[in-house]
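Asker: The listed protein sequences derive, respectively, from chains P and H. My numbering numbers the first residue of the first sequence as 1 and each following residue consecutively. My numbering numbers the first residue of the second sequence as 1001 and each following residue consecutively.
None of these hints come from the bench; they were simulated from the model. Given the structure is predicted, the values throughout are model-derived calculations rather than measurements. Glycine residues also receive a C-beta, built at the ideal position from the N, C-alpha and C atoms. There's no promise every hint is true.
Calculated lysine to aspartate or glutamate pairs in the DMTMM-like style (CA-CA distance at most 20 Å, straight line) [stated by the list, open to error]:
1) H:Lys1181 to H:Glu1170
2) H:Lys1122 to H:Asp1109
3) H:Lys1122 to H:Glu1092
4) P:Lys59 to H:Glu1170
5) H:Lys1181 to P:Asp112
6) H:Lys1122 to H:Glu1080
Distance ranges between label pairs, derived from CB positions [as the list claims (entries may be wrong)]:
7) P:Ser122 to H:Asn1192: 55 to 61 Å
8) P:Ala44 to H:Arg1165: 30 to 36 Å
9) P:Glu26 to H:Ser1136: 41 to 47 Å
10) P:Glu28 to H:Val1163: 34 to 40 Å
11) H:Arg1019 to P:Gly64: 53 to 59 Å
12) P:Ser122 to H:Ala1172: 35 to 41 Å
13) P:Glu94 to H:Ser1171: 47 to 53 Å
14) H:Ala1174 to P:Glu3: 56 to 62 Å
15) H:Arg1195 to P:Ala44: 49 to 55 Å
16) H:His1116 to P:Gln98: 45 to 51 Å
17) P:Lys59 to H:Gly1020: 56 to 62 Å
18) P:Pro58 to H:Glu1080: 51 to 57 Å
19) H:Ala1174 to P:Tyr73: 45 to 51 Å
20) H:Lys1122 to P:Glu21: 57 to 63 Å
Listing some non-contacts, in silico: residues in chain H with all C-beta distances to chain P over 10 Å [claimed, not checked]:
21) Ala1008
22) Ala1028
23) Val1100
24) Ala1126
25) His1146
26) Ser1171
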Amino acid sequence: MSEPRILVVEDETNVRELEAEILREEWEHVDTAVDGTDALRLLAENVYSAIVSDLAMPKMDGRGLFHEVERRYPASQSRLVFVTGYAEAEEYDEFLRQSGVPVLAKPFTIADLVGAVQRAFSLA
Amino acid sequence: MPRVEPSAQRYRELVEQSRGLICIHDLAGVLLSVNRAAAERLGYAADELVGRSLGDLLAPTVRHLFPEYLGRIQQEATDEGLMLVVTRGGDERIWTYSNVRGREPGGADYVLGHAHDITDIKRSDARAGEAEALRSVGQLALATAHEINNPLTVIMASLQLMVARGQVPESAAAYVQRAIKSAEQIRDTVRNMSRITRLEMSRQAPQLPAVLDLTKSSAPRD
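Bound-form chain H, shown alone (with noise of 0.2 Å):
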């Protein structure tokens, strides 16, 4: 191994200690350097790493999109967003990276990627997401079933008015009846119905995600 000045080796390992994940590619995408959390993060030794394209640690899904990253950084000399990544266990990860071109003094032009995870916080979104979208949806029942209740009590009441003050004649004593049982049945339903949705939204409230919680989320993360 060549020999370092210090304060290289101070960046060195500056680089290595930082749970960035930070990586060095040459203009084709070929990584020439990995720092350990990069590596941990995708699964690998950083040294398995080394010598392999960037853009065959893409999702399938993007990788065809690896050669505009590239025609960009050669161009723009930075670039910036979101990439796809998979782990060597096949799991997809979402990355924001900041990558900036460089150049050795004499020697090849270089780029030096930074990156965070951001995969937790992205699935966090989407869940809050869910759960809101599930209580609109919630209160929105709930609103409904409010709204068929007065009407319904009217119509059940009345209907059993009439037949307790004699007021319905032999011939309509059975269509009387009919529409008791269903309205009955309506009532049913709307009860079940607002129980569960009840239930459910009082499932998901405690549920929200720690993203969400000031007190969870300013604590440490593992």
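Extracted from the complex, chain P is given alone in its bound form (with noise of 0.2 Å):
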């Protein structure tokens, strides 16, 4: 495979540029979205190493993503990684379980983000 290529997508502005910057530390190809539909976009255009995603979103949210993701690109399926607060995190309990795909708790450290997506890739 090329180079990884990775997509961010979150909806708040100072938390999705943060990760993208983070990101962008350690791969050059970071791509971001604002929302689920938004992520499908550049799904159509790219093929990613890792999806780090927000689960609580407007528009489509992570479990909307998830289950786009299955129907349209089941190869990438593997390569999501949610990035969630604990507390909404009860809302998204059983998908979470039954989805298996893994969860980095907000608030992060660099390292927690970096080794989220390196177990990504090595899932893929």
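Put the two chains together into one complex, using the hints given.
Answerer: This is the structure we're talking about:
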């Protein structure tokens, strides 16, 4: 595989830009999307080695994105990592258990985020 | 015991066997008869109550209202509402009553009292209210945690990024470390709060009072 390409999906601008900046310290190609719908647009154009997505987002949340990726790009499903605050996880408990997607809790450290993306590479 | 007509006997049995709480008192509030259900609910035998004032069975906190009740039933002929009674064992029970004044042919006026014990329903309502209040507080706590986590992520990761890039001058390094430590404290506090809130909310959820559960509330009650 060529250079890894990472997709960050997050509706909070500050968090999205920071996640992208941290990942750009390690990898050259990092794209950003503001929600699941925006992410699908980018997924149609690129193949990603890791997709780091928030769970609770307007328009299409992480759950919706997971199901669309499952349907349209099944090979990319194992490259998903969810980033979420512990607080809203309850709403997604059942989904997270069933999907088996790794979850990174906010607030995370740089090492946590980089480590989660590296694990997504190895699972892919 | 005086001989009673068969129809009167049936009425007496009806009253005695009724699960409703029934009594007859005179206009001064002195009990003339009490059915078995009412006496048992109060922890007495029926004949122990005959001759006593109904007012004596009221909880001390509401006993001063008894003369007002007697005044109303004399004037209006009917009265209904809630009464707080106290059992022989000292438990306070809430009864809803609907009383009617009557008169024996050629005799004195009397009051026929009919009541139901609604203590359990009232307490279930109170518990449901408490559970609802707890749910609201829990949801507020979780929403607050969510709102804190995003900016806290930015604060913590930005500081770490500055350190990792060597952008923090030596003179400011201790301050930045202190800020990171403090942010970590907030993170731990929010996580603990969310964990406890979620635990408490899930602990409360299965304890909804039976009265809210239609399958249970329609079943016969013991």
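Asker: Would you mind marking each hint as holding or not holding in the structure?
Answerer: Each hint tested on the structure:
1. H:Lys1181 to H:Glu1170: holds, 17 Å
2. H:Lys1122 to H:Asp1109: Since the Cα atoms of H:Lys1122 and H:Asp1109 sit roughly 33 Å apart, the hinted pair is violated (cutoff 20 Å).
3. H:Lys1122 to H:Glu1092: holds, 12 Å
4. P:Lys59 to H:Glu1170: Cα-Cα ~45 Å, so violated.
5. H:Lys1181 to P:Asp112: The hint holds at about 17 Å.
6. H:Lys1122 to H:Glu1080: Distance ~17 Å between H:Lys1122 and H:Glu1080 Cα, so the pair holds.
7. P:Ser122 to H:Asn1192: 55 to 61 Å: Violated - the Cβ-Cβ distance for P:Ser122 and H:Asn1192, about 32 Å, lies outside 55 to 61 Å.
8. P:Ala44 to H:Arg1165: 30 to 36 Å: holds, 34 Å
9. P:Glu26 to H:Ser1136: 41 to 47 Å: holds, 43 Å
10. P:Glu28 to H:Val1163: 34 to 40 Å: About 22 Å separates the Cβ atoms of P:Glu28 and H:Val1163, which means 34 to 40 Å is violated.
11. H:Arg1019 to P:Gly64: 53 to 59 Å: holds, 55 Å
12. P:Ser122 to H:Ala1172: 35 to 41 Å: Holds, since P:Ser122 and H:Ala1172 (Cβ atoms, about 37 Å apart) stay within the stated range.
13. P:Glu94 to H:Ser1171: 47 to 53 Å: holds, 51 Å
14. H:Ala1174 to P:Glu3: 56 to 62 Å: Given range 56 to 62 Å: violated, Cβ gap about 39 Å.
15. H:Arg1195 to P:Ala44: 49 to 55 Å: 39 Å Cβ-Cβ, so the 49 to 55 Å window is violated.
16. H:His1116 to P:Gln98: 45 to 51 Å: With a Cβ separation near 49 Å, H:His1116 and P:Gln98 satisfy 45 to 51 Å, so the hint holds.
17. P:Lys59 to H:Gly1020: 56 to 62 Å: holds, 59 Å
18. P:Pro58 to H:Glu1080: 51 to 57 Å: holds, 54 Å
19. H:Ala1174 to P:Tyr73: 45 to 51 Å: holds, 48 Å
20. H:Lys1122 to P:Glu21: 57 to 63 Å: holds, 59 Å
21. Ala1008: Per Cβ check, H:Ala1008 is outside 10 Å of chain P; nearest 64 Å; holds.
22. Ala1028: holds, 61 Å
23. Val1100: Holds, because the least Cβ-Cβ distance between H:Val1100 and chain P comes to about 54 Å, which exceeds 10 Å.
24. Ala1126: H:Ala1126 is indeed farther than 10 Å from all Cβ atoms of chain P, at 27 Å.
25. His1146: violated, 4 Å
26. Ser1171: Correct as stated: the minimum Cβ-Cβ distance to chain P is 23 Å, above 10 Å.
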